[in-house]
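S.K.: These protein sequence lines map, in sequence, to chains A and B.
Mind the numbering: the first sequence is residues 22 to 469 in my numbering, read in order.
Mind the numbering: the second sequence is residues 1071 to 1341 in my numbering, read in order.
If you're looking for bench data, these hints aren't it; they were derived computationally from the structure.
Just to be clear, a hint being listed does not mean it is correct.
Claimed, not checked - From the derived model, a few chain B residues whose C-beta atoms are all more than 10 Å from chain A:
hint, residue
1, Lys1156
2, Ala1159
3, Gly1162
4, Lys1202
5, Glu1227
6, Thr1312
7, Met1329
8, Thr1339
Stated by the list, open to error - Once the Cα atoms are required to be at most 25 Å apart in a straight line, the calculated SDA-like pairs of lysine to any residue come out as:
hint, chain 1, residue 1, chain 2, residue 2
9, B, Lys1115, A, Asp81
10, B, Lys1275, A, Tyr178
11, A, Lys132, B, Lys1275
12, B, Lys1275, A, Leu189
13, B, Lys1156, A, Leu189
14, A, Lys133, B, Asp1278
Claimed, not checked - Covered stretches of chain A, going by a simulated chain B footprint (3 or more residues, C-beta under 8 Å):
hint, stretch
15, 140–152
16, 176–189
17, 384–390
18, 397–407
In this text, a Cβ means the ideal position worked out from N, Cα and C, and glycines have one as well.
Spelled out from the first residue to the last, the chains are:
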Amino acid sequence: MQRRARYTLDKAFTGLGTASVLIMAIVLLVLLVPITWRGCQAFIFRGTYFFRQMQKVEFDRGNTARLDKQRDQFLAAMAPAWGMINEFEAELKEMPRKDRKKYKANFRETKKAFEAVFGPLPDEKTPILPRSQYGQTRWDRANVKFESLYFREMWDYNTPTGQGVQLLLPRDKDFAGTKLEPLFDYVKLNLSKIMQPEVTFYWQFLVDKSIDSHFFGGIGPEVLGTIYLTIGAILFAVPIGITAAVYLCEFARPGSVLSLIRTCVNTLAGVPSIVFGLFGLAFFLNSLHVSQSKSVLAGALTLALMVLPTIIRATEEAIRAVPHSYKEASLGLGASHGWAVLTVILPAALPGIMTGIVLSMGRAAGETAPIIFTAAVSLGAAPKIMQVFSEPTPALSWNIYNLCTEHEAVNEIRHVQYGMVLALIVLVLALNMAAIVIRARISKKLKG
Amino acid sequence: MRKLILGLAAAALLTVQANAETKIVCEGSSTVGPLAKAFAEYFMKNNPDVSVSVSESGSGNGAKAIINGTCDVADMSRGMKAKEFKACADKGIMPTPHVVALDGIAVVVHKSNPVKGLSLEQIRDIYTGKIKNWKDVGGVDMPIVVITRDTNSGTFETFENLVMSKQKMSDSCEVVGSNGQAKSRVESTPSAVAFVGLGFVEGVKAIDVNGIEANLETIQAGTYPIARPLFMYTNGSPKMGTPLYRFITLYLTEPGQEMVEEIGFIPVTSY
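Bound-form chain B, shown alone:
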């Protein structure tokens, strides 16, 4: 009996050593999350000896993880800030961006809301608290429930840069922690407004901004005003031929671009 157990243990050890795996750890944005997850599963299916893991904790955490060297790929829905670059450089890390997709930040409302579109200025006024009722922007007479994201979110920072133009958001905004939460909050609240990545507009109504609808054409052409690239950062350019290199260049391949499109983002090239 004991011999059998010993033999089994030895066999287990041997098999483990035989397929010594490489791993790729992705950390960061919840907007890039669905994309990273799709890439990861596609990649693992074709490379069974590589294990890819993805966590979605916000762009800020992605940056922190790459600064601390605890991830291989930092998913970020905004560019790295100077401060983060410096922190990287101080630790001898060279953050290298890969633009994996383009994304418009959709301003979403409940489907029963008659408002079709808002101008950037109106959106700003809603978030600063100047406009408090939907009737002021051509809607129904009901107070606006304003949903925003935590400061760790890349979507939040892009929105702040492109929409708020240095004005402070009102304190009465309700803060949620992820795109999914923002969406489901709007889905269940007829008077709510929120901003989410384009991959999260199922079940809610994305309204026009400055009269322009967020879709593939307007975002690729750059006419939709709240658009941004989605990044994956690595430490330096990965060595060609390594699993990390193949993973990070997946977005350039046709399957990669198709995944980007099927999830609802905009591919960077028109293949």
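So here's chain A without its partners, still in its complex pose:
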């Protein structure tokens, strides 16, 4: 009986374990698949004529002869549409005042919707912001915007509850009988001829600077900023962390002081990251003045503090895992304690230490709170290597948050946001992969 109970319990435990692994896998899938799918759309999408124009103007990319050919096609296809608008404007001027009033507001709105899809009209002054200098650069966005040109959105409040219902009224009905009426069907038929969508692989998204607060361009400064911050944090945290761990393990006298220090380190590991952020602001920026404004340096120092406990603990564990006989043999051969630590214990513990560093790098790259007040800005050029001591930087984690909460046109640039998320995840994965490879190599070398 007892044996059977034990058997059942055993089975139940195995089942539970399998189930939790399965749930984790499903959660990962549910999380990663949409992120990857939508993130990839920032890199691979159907770019329109305007995308290639924008690339030529802003980054000087693309084949001029081919672009000129496309421009001719664009102009030829647009000419009738522009003609219709001009004719209607002339017609509008001739109309009796009452009729003119009927069309005026709607026409203004229509023109705005038209320019949102196809860029500014040829006889108009070039707008100052790049976002209104070009039409839609992506085919998917072009279709969305075309909808709001073709249909006029209206809210009907004459419902039983009084709650408004959205009505989509075709605009050609609004302008029935005028010279503008054929415009809508014309652009509908010729949309792809005008926009000339082509499948585009925009890998430069990773290195380009943003144009007009992320409306166009890429996420280069963010990626570079994240790399700077991560490397900076590790540069500060690793030497201090390893020294501290070696001292705690090998040299400190066991007693109440040591256990107090250990408790402190453990507590530090549990402190929320926003506290580190505020501390970094108060200590590094407002008291020490490590830089005049927010800077990569201040952010890296703050991140270093945050990952320090992880590194100390991982190093301690790794040192403790080194067989005692190693140290004894080394001391027996006449090495001093310090020399033994440096030449025998640390190299043997290196794979474990590397694991700690890997985990910390991933965390430093992904954390937002510590850099809000110390390093991150929502817009800025990527600092060059010598400027990291004085200049703030955009960073992936912070800019993802900034885009979805503070950007004025977040719905238009969702693809940028997902592109950033994907870039961050891939960056962290790549860091981990690199470190795993390094770790495996060192282990192999140590085994001889």
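Please build the complex by placing chain B on the supplied structure of chain A, with the hints as guidance.
M.R.: Using the frame of chain A, we list chain B on its own:
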């Protein structure tokens, strides 16, 4: 190999020193944010040797940053308070305001909401919790979800000054951290009401206040009741000809005014 690396490092150092850059750090209001970002990118395009960075953390943080000397330009959607002025003066900083644009605080609701306009008093009653249902102001029978901003926000303080007239907002208001968040909250909630800068009304319905629509004419004329200037503060007037001077006077130029208008704010002059 080693020589090559050394040579490369030396070359890198030299190039870095050759274009020693100046930097301009802007910090503060999320309302002024889009404007500062547009200015920054326009400025960097025309002055490649200057790097401008912008962060949006609220007017209060902008003031704090200029007090601590950690920014060159403090974007603020409200004027500096006496207390902040004093803190500046104590540190030997002379905050100098530049009014870069005018802005109306739009009261926004979901597009399906039939309410066309509210009086200042009705808005106040909604925020104090006296009016709890849309049917009391001519809308549908549904409870009002009231969205407000954090106290760090300049938009919040202007709203409190101009609308609340010393009355306390109800505790049941939902607090969000930025204009963008307030807008997207209203966009997804049919029964919500919020207040945002004029640059953030895309996708929601801005209602009339006291029967007056928020637009260029009413705000320039001063008839729209919840309007305010948007500021950029610098420490003293920047020396003429310096990059900071050119940046901070960008709003006076024609491109600057055009950017203000395209983003949805009201230019200070009619050029």
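S.K.: Hints numbered earlier in the text: which of these fail when held up against the supplied structure?
M.R.: 7, 13 and 17
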